[in-house]
Structure formats: structure tokens, C-alpha cells
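Residue numbers (the UniProt record's numbering), protein chains in the order written: chain Y, 1 to 639; chain L, 1 to 208.
Read the hints as simulated data drawn from the structure, not as lab findings. Do not take every clue at face value.
Said to hold, decoys possible - Result set (BS3-like, lysine-lysine): computed pairs, CA atoms no more than 25 Å apart in a straight line: (1) Y:K432 - Y:K389; (2) L:K164 - Y:K497; (3) Y:K389 - Y:K347; (4) Y:K258 - Y:K294; (5) L:K164 - L:K146; (6) L:K53 - L:K13; (7) Y:K497 - L:K106; (8) Y:K347 - L:K106; (9) Y:K347 - L:K133; (10) L:K158 - Y:K347; (11) L:K106 - L:K144; (12) Y:K497 - L:K146; (13) L:K144 - Y:K497.
To be verified - Among chain L residues calculated to face chain Y with C-beta under 8 Å, some are: (14) W67; (15) Q72; (16) Y82; (17) E114.
Said to hold, decoys possible - Some chain L residues judged to face chain Y by a derived CB distance under 7 Å, without partners named: (18) Q22; (19) S23; (20) Y56; (21) R74; (22) R76; (23) P80; (24) Q172; (25) A173.
We put the beta carbon where it would ideally sit given N, CA and C, even for glycine.
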Amino acid sequence: MEEVQSSLTLANQLEENGQIKDAYMSYVSLAEDSLSFLKDIKFIQSAIISQPKQYASLISAMRTCLSHMEHIIETHSPGTPARILAQHTGDSNKLPKPPLPPKPSRIHKPVLPPKPARGVISRPSSPTSDEYLQDKSSEQTQPQQTQQPVESVVRPKPPTPNTVSNSRPYSVPSPDNRTLQKHRPFTEIRPPSDSTIIVSDGEVDPTHLVPAQTNVDSLNSSISSDHIPLIPAPPLLTTHRILQTKLDDLEMSLKETKSRKQQLLSDHQVLDPMTEDDINHHILQYSRQVADTKLILNRVRTIYMSAATIPTIMHFKAHITAYQITQIEAVIFNAIPPSALISHSAKQPHPRIVASTDFFNYFTRLIEHSILFPQEASARAQLIHYWIKVASRCLELNNYQTLKAIVSALGTPPVERLRRTWAYIPKKSVTKLETLGELMSEADNYGRYREQMGMVNTTVVNGKSVAQIRAEHYTKPTIPFLGTIIHDITYLMAAFKSSPASSNMAPEDEPRIHEVLEIMRRFQQGPKYQTGLPAISNALHRGASGIGRISSNGLFGFGGNSNNTNVNGNGRESTGGTSIISGYGAEDDDKDGDDTEDGNMEEQQEMVTQYLLMRPWVNQDTVDQLSLLREPPRQRRTP
Amino acid sequence: MASNTEFSNPLRKYKLVFLGEQSVGKTSLITRFMYDTFDNTYQATIGIDFLSKTMYLSERTVRLQLWDTAGQERFRSLIPSYIRDSSVAVVVYDTTNRVSFMNTAKWIEDVRAERGTDVIIVLVGNKTDLNEKREVSVEEGETKAKDHNVMFIETSAKAGHNVKTLFRRIAQALPGANTNTADGNSKEQMEKVDLHNSEGNEVSGCAC
Chain Y
1 MEEVQSSLTL ANQLEENGQI KDAYMSYVSL AEDSLSFLKD IKFIQSAIIS QPKQYASLIS
61 AMRTCLSHME HIIETHSPGT PARILAQHTG DSNKLPKPPL PPKPSRIHKP VLPPKPARGV
121 ISRPSSPTSD EYLQDKSSEQ TQPQQTQQPV ESVVRPKPPT PNTVSNSRPY SVPSPDNRTL
181 QKHRPFTEIR PPSDSTIIVS DGEVDPTHLV PAQTNVDSLN SSISSDHIPL IPAPPLLTTH
241 RILQTKLDDL EMSLKETKSR KQQLLSDHQV LDPMTEDDIN HHILQYSRQV ADTKLILNRV
301 RTIYMSAATI PTIMHFKAHI TAYQITQIEA VIFNAIPPSA LISHSAKQPH PRIVASTDFF
361 NYFTRLIEHS ILFPQEASAR AQLIHYWIKV ASRCLELNNY QTLKAIVSAL GTPPVERLRR
421 TWAYIPKKSV TKLETLGELM SEADNYGRYR EQMGMVNTTV VNGKSVAQIR AEHYTKPTIP
481 FLGTIIHDIT YLMAAFKSSP ASSNMAPEDE PRIHEVLEIM RRFQQGPKYQ TGLPAISNAL
541 HRGASGIGRI SSNGLFGFGG NSNNTNVNGN GRESTGGTSI ISGYGAEDDD KDGDDTEDGN
601 MEEQQEMVTQ YLLMRPWVNQ DTVDQLSLLR EPPRQRRTP
Chain L
1 MASNTEFSNP LRKYKLVFLG EQSVGKTSLI TRFMYDTFDN TYQATIGIDF LSKTMYLSER
61 TVRLQLWDTA GQERFRSLIP SYIRDSSVAV VVYDTTNRVS FMNTAKWIED VRAERGTDVI
121 IVLVGNKTDL NEKREVSVEE GETKAKDHNV MFIETSAKAG HNVKTLFRRI AQALPGANTN
181 TADGNSKEQM EKVDLHNSEG NEVSGCAC
């Protein structure tokens, strides 16, 4: 990427030095190069399985190039002052396809808030503008322009390249979005929050899955054979994309309105005062909306960036991490139709079950890698200790799926073999892990766990009625471990298929199978985890430095003066754009964030989710090698 | 303590873990082996101590606990704890699927890495009933077994071919048996197995 950057700087210098031709050609070749990198993409059907490295930067660089080229053409052509809008399309099509140059850098950072300030500068020639131009050209003469930004925000296919994978099915628009489609009266002076609440409320969509980020490194030989898990897209990305599209649309509308005003001025010399008022009014509205949106977008980026620069998961309190991971797991679990258990097979895996196992694998690898990352054994020990705390919290939250994932991750060979590291773990913590490990042990077909859950086929366990045990679980939000459910169904199906009954009975009618599906259903229909963290934990997050400064107002509630009652439950009544500013300012005066628990906590929650879903996928070999690097084997380990 | 357990509990339990890609027939092998008990009792015993079977050999009696990853192969990080403390690893491939055969090397390595030589490994080529679709020859299987120093057998869970033989051979090869094929370290392992054994009894107390 540095190459691209330096070429860009070079071209810029040429341009400034007046070497227009050289500058122009530099931009062209840089754009060509960037374009050819962007061909480095792999599809399976319409799903992207491997994206171009640093695509966001590449696209951004191309935009910059195109905008400079456009500028050069415009300012240095004889007698063609008017802009020819159509040339945008021409540019990209005309580009010849050069041979693939050497790749600039192999590291694809998972970071990249897609468009920094540079994107704004180069936007006029953005490849997406064609679409806006089309939109506009048909609507230019219509008076009701204000409606447009509202509609365009909910447009289901924003063309911005920020998304990890545009080709995947979009998340279902949230109900909030739909209510916004109603058109606002034209005369309303402040069109504030129609623009802002639209943003998805930051929930994880279990059906919008994207490949985990990958760090392409020297070990990439095994990458092709390594299945990269598909995990839920980070909600912040979706938010960012929607906002960016909205901003693009707004800016376009603003520009249109301004040029219309100019046109009117030049055409008629004297303006009808009504029209001028009208137009000025529009311009004011758009300017406000643009400003508001930019502000929010900046905040999204700030959080996005903060999450990306956080060096370790330990930055977050264990209970918040546990809560956020539980929310993600809950969404994934609840999306599995019980009938999927029956149709699921090796040859025809059910996508919702695969989503669960993929996330399990992603998360366990994330844990392994987080532990193996620090060089110091004591630092690794802190991470193990941390994950044990998270595991305990998961048990409190009845999240057995994540509990099992953490216990498993701490027991995989690359982590388990770290004897120096384990020596640092306090005995209490080790004992805790052993207790959790016993609870989730496979021994006796997950005997202890089944007892705990009442998932046994007797009527009484340890003097307690199984029906009662189960009923108690159904009254609390619970995520069972999917493994035992799959295991039971596998065996019950095997028995069912070999029984004579199978010829005239559907599998789900077989009583035992029916019972397992029913258990699954009951858990899914049970109470849900609230979005906000339970109150007990409030004061605990103090000292999470830096985060508190970004803002206190709930990120996804931003302009939340809508009729939607406080999506975030942060209790702050705000009024559109101004509230963002005041909320922001207020936070600045309150840097320690002591008394802004709600907003602060909520933002931390968002950041944890973002952090968890943006970890790079590290393959098995890398983890194994890292483990050997951290603690080289001396002699054969005694079991 | 170990010796106490040995005296007080003559019925030894051994952990057999079944490994291999999805749909090679691990579950079928187990259900076929358990058939006499499985079909009649699965309703009553699914859950605790579900997959255990006592084998009566001429010189002694052993109880085999079968640990199957059934359907959970996708949860990759679950596998190490299945392998841990196992006495026997049954690595299964499908004779009509070459990829499943290629992947057995990885499973064998994983078991060796975790258990060293304190484990009996059996390479099993299943689905011999589908002979016309065969992609892996008997010789290839034998060669691979020899290369990795593991036992080898071909089976058909569907036809019931060689299934009993497989388990009988495993039982005979178990440490402590007269025909012991395991090497020097077996004492340590028996302690492990015994420890596990006593826990198991506490939890299950099952009469099956």
C-alpha cells in the first residue's frame, strides 16, 4: 500500500510542479494498477470468498486518481469549461488491462474505516456517481426533492465499496427503516432525524455472514485448504455503509440544488422570491443534514477506529465481553430452525447450523491466537486468566455454547502445552477452569452437562425432577451447547432409519426426536437477553481509558428523537442533529465518564462486538507454529 | 490409589475415540456394534453412559466407552478433548472416498501428538460393501497403516462385515491383556484410565 501512497504523492507533486502531462499519466497508470489489484477476488457463485487485499484503500486511491484526472482535463482543455458528466463512465471503461504487477503489501489489515477524508475530496468522480446522476437527471425538475434523501437512505443496495462483501444478501431492513419511508412534508424546516435513526441499531444479523478477515502471511500455503469461517458481519460496518450512502446522496442533492439555483439566477436574472426562498430553504436543509451525517459518520469511524486499534481483548471488562459474545451467540442460535437438525448432514449441511459451528471455530481460534500473541509468558497467562473470567460469566448468563468454546480453546494443544504460561495462572483460576471443564466434559456423553440441563432421559436427576430442571432453564435466557443436540439427533436418526417405523412416519414425529426438537424450540422461545448490560456491572468499566471520550450518546440512537422509543434504552431524549453536538460536547467536559454510565457502557458494548467480529482468521498451522515459537519444546511432554 | 482401584474394580473401562471425516460411517460402525443393545435400549439410555459396551473375552472382561464425535466434526476444537485420555483411537475412512483416506494422516498425527505411544490406533476402511465404487485399495490401506505403525482392518458397517472382529481385536490389544501389544508406558496410562473409571461410576451408576 505504501507504493500506492508514494506514487500518489509523486503524481501530486508533478501536478503541483506543472508537469501536467506526466502527472496525468501517473494518475492513469496508478488507477490501472489499483484496478488490476481489484481483480484479485474470488467468487463462489455470488459469494465472495476472497476479497482483494486492501480493496478500500485501492478504491479510494482510484477515486483520487480519477478526480485529479478529471480536474486536469477540465482545467487544461481548450475551451471546454463545462463539465461533461458522462465522462465518468468513460473513464473506467477505457482503462486498458495491464499485466498484474507485483503485489504491494501482503498484510491486509482488518482495520480500514473505509473512507477517510480523502474519499470526500474525490467523491465527485466516484464510480458510484453515475447512479446518482441517473437518479437526479430524471428528478431534477421535480420540486419535491427533499424526499429524496429519505428514500435513498433506505435504498437496499448502496453502491459504496465499504462493505466486506456487497454480493451477500443484505440484512433485512429493520422496522425502523420502514417507518421512515413515509415522506416528510416539504415545508418542514428541520428534517433532522429522519436521516439519523435510520441507521441500523447495531444488531448482529445472523443471516448476513461474511468470511472472517484474513491475515495473508508467509504461511499462506495452507490457506487454500483452510476453510475460512463465515461469521456475522460487524454491525458497525453496515451502519457505516448506510451512512456513507446517505451522505453521498445528500451531498449530491445539495450540489444539485445549488446548481439549480445558479441556473435559475442566470436564466431569469430576477428570481421569483418564492422560488428563491424555496431553494435557499432546501440548501439550508441539505447543508444541515450533510453536517449532521458527517458528524455521525465521524463518530462511527472513531468507534470503528478505536475498536481496530485496541491492542488486546483485555481492554474490555470480562463481563462485557461475555455479554456481547452471548448476544452474538443468541442471535445465531435463535436463527436455527429446529427442523434444520434433521435435514443437516455432511453432504448437505444446513447453513444456519454451519453458521453456528463456523462461529464456534472462529471464536476458539480467536481465543487461541489472543493467548499466543504476547511474547511474555506472564502476559499470555493474563489472557488465559481473562478468558476463564469470561467463561465464568458465560455460565452465569446460561450461555453454554460459548462456555464450551472457551473451555475447548484453552484445552487445544497449542494452548494447553504452554507450561510456563500455565505456571503463572493463580490456583483459584485453574480450579475454576477445572470446574467449568468438568461441567462441559464429554465424559459419559456430556453427563454432567446433561444433568445440569435436565437433558437426560430419566425423570429424576440427583433428587430433582427433570421436568422441573428443564422448566427452570426455560425461564431464563439460555443458549444450550449445540453439540449435544446434534449428537443426539445423529444417533436418534440412525436408530430411526433402521427401524421399521421410518417407512410410515416423519422423523420429527418419532417421540425421541420430537422431544429434542421441542427442547430446542423451548430454548429459542424463552426469554431473550436484553440489549443493555444488566445494571450490576455499571461502575465496573471505569478506567477503560480513551473509550469514554468518544461520546456518551448511544451510537445507534444518534438522532433518536423518533417515535421509536429509545432503541438503546439510554434514556436520553435528543433532538436530531443538535443533540449529537451537545451530547458530544457534554462528553468532552466529562472525560472521566463517571456519570455517563449508560451511554458509555453502550458504546463499549458496540465496540466489543465490533472488536470480536473483526479479528483476523488465523489458520491452524500458524497457531501451532506460534505456540512452538512462544515456548519451544524441550523434551517430550509427559502426559 | 491406582492400585486400590485396580483391586476394587475388576471391570476396566477403556475410552475409544472415533475419528475421521464426516459421513465415513463412524456412527454406523458404532450402532452396528451396539446393535443388540442399541435398538432396544436407546430410548432408555440416550444421555449418560449411552455408548458403553462390556466385552467378555476368554481371559477377562472389559468395558468399552465409545466416544463418537458424531455430527460434531465441524467443531474442530472439540476434537482434542475427545482424544485426550483415550486408550484407543479408531481412525475411519471411506473406501469409496479418497479424500477421506488422505485425511486420516492428519487424524493419526493429532492422536500421536496428544497421546504419544500410549495409545492403540486402528485405521479402518469402511464401506467395503460398495466395492464397485472403491477408490482406495486394501493394499493402500495396509501400506499406510504400516507406515504409521497402526493396526488396520476393512469393514462394512452396513453389511456387518468385520465389525465384531474390529472390536475384538481392539479388546485383545488393550494394555493388561495377555496379548498386549502396547509398549512400555502402559502403566501410566492404566492409572489414567482407572481414574477416569472411578469418576464415571460416580456419575452414571448405570446398570446397563
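Now the hints, each set against the structure:
Under the criterion of a C-alpha separation no larger than 25 Å, the hint pairing K432 (chain Y) with K389 (chain Y) is consistent with the structure, at around 9 Å. Annotation: proposed proximity of K164 (chain L) to K497 (chain Y) holds, straight-line Cα distance about 22 Å (limit 25 Å). With a CA separation close to 38 Å, the supplied pair K389 (chain Y) and K347 (chain Y) exceeds the 25 Å bound. A distance of roughly 19 Å separates the Cα atoms of K258 (chain Y) and K294 (chain Y); the hinted pair therefore holds under the 25 Å criterion.
Pair hint K164 (chain L) plus K146 (chain L) holds up; C-alpha atoms about 22 Å apart against a cutoff of 25 Å. A C-alpha spacing of about 9 Å is found between K53 (chain L) and K13 (chain L), which places the hinted pair at or below 25 Å, so the restraint holds. Proposed proximity of K497 (chain Y) and K106 (chain L) is contradicted: the alpha carbons are some 31 Å apart, above 25 Å. With a C-alpha separation of about 21 Å, the suggested pair K347 (chain Y) and K106 (chain L) falls inside the 25 Å cut-off, and the hint holds.
About 17 Å separates the Cα atoms of K347 (chain Y) and K133 (chain L), which keeps this hinted pair within 25 Å; it holds. Taken as a hint, the K158 (chain L) and K347 (chain Y) pair is honoured in the structure, with Cα atoms around 19 Å apart against an allowance of 25 Å. For the proposed pair K106 (chain L) and K144 (chain L), the alpha carbon gap of about 12 Å is at most 25 Å, so the pair holds. For the hint linking K497 (chain Y) to K146 (chain L), the alpha-carbon distance of about 36 Å lies beyond 25 Å, and the restraint is violated.
Under the criterion of a C-alpha separation no larger than 25 Å, the hint pairing K144 (chain L) with K497 (chain Y) is inconsistent with the structure, at around 34 Å. Hint status for W67 (chain L) relative to chain Y: holds, with the closest Cβ pair at about 6 Å, below 8 Å. For Q72 (chain L), the interface hint holds, the least distance from its beta-carbon to any beta-carbon of chain Y being 5 Å, beneath 8 Å. Annotation: interface hint on Y82 (chain L) holds; nearest CB of chain Y at approximately 6 Å, less than 8 Å.
The closest approach between the C-beta of E114 (chain L) and any C-beta of chain Y is roughly 6 Å, which is under the 8 Å cut-off, so the hint is satisfied. Checking Q22 (chain L) against chain Y: minimum C-beta separation of about 3 Å stays under 7 Å; hint holds. At a threshold of 7 Å, the smallest CB-CB gap from S23 (chain L) to chain Y is about 4 Å, leaving the interface hint in force. Proximity of Y56 (chain L) to chain Y is violated relative to the hint, the smallest CB-CB distance being about 22 Å (cut-off 7 Å).
At its closest, the beta carbon of R74 (chain L) sits 4 Å from a beta carbon of chain Y; the interface hint therefore holds under the 7 Å criterion. Interface hint status for R76 (chain L): upheld, as the beta-carbon distance to the closest one in chain Y is roughly 5 Å, under 7 Å. For the restraint placing P80 (chain L) at the interface with chain Y, the shortest Cβ-Cβ distance is roughly 5 Å, inside the 7 Å limit, so the hint holds. For Q172 (chain L), the shortest C-beta to C-beta distance to chain Y is roughly 24 Å, which exceeds 7 Å, and the interface hint is violated.
Because the smallest distance between the Cβ of A173 (chain L) and any Cβ of chain Y comes to about 19 Å, over 7 Å, the interface hint for this residue is violated.
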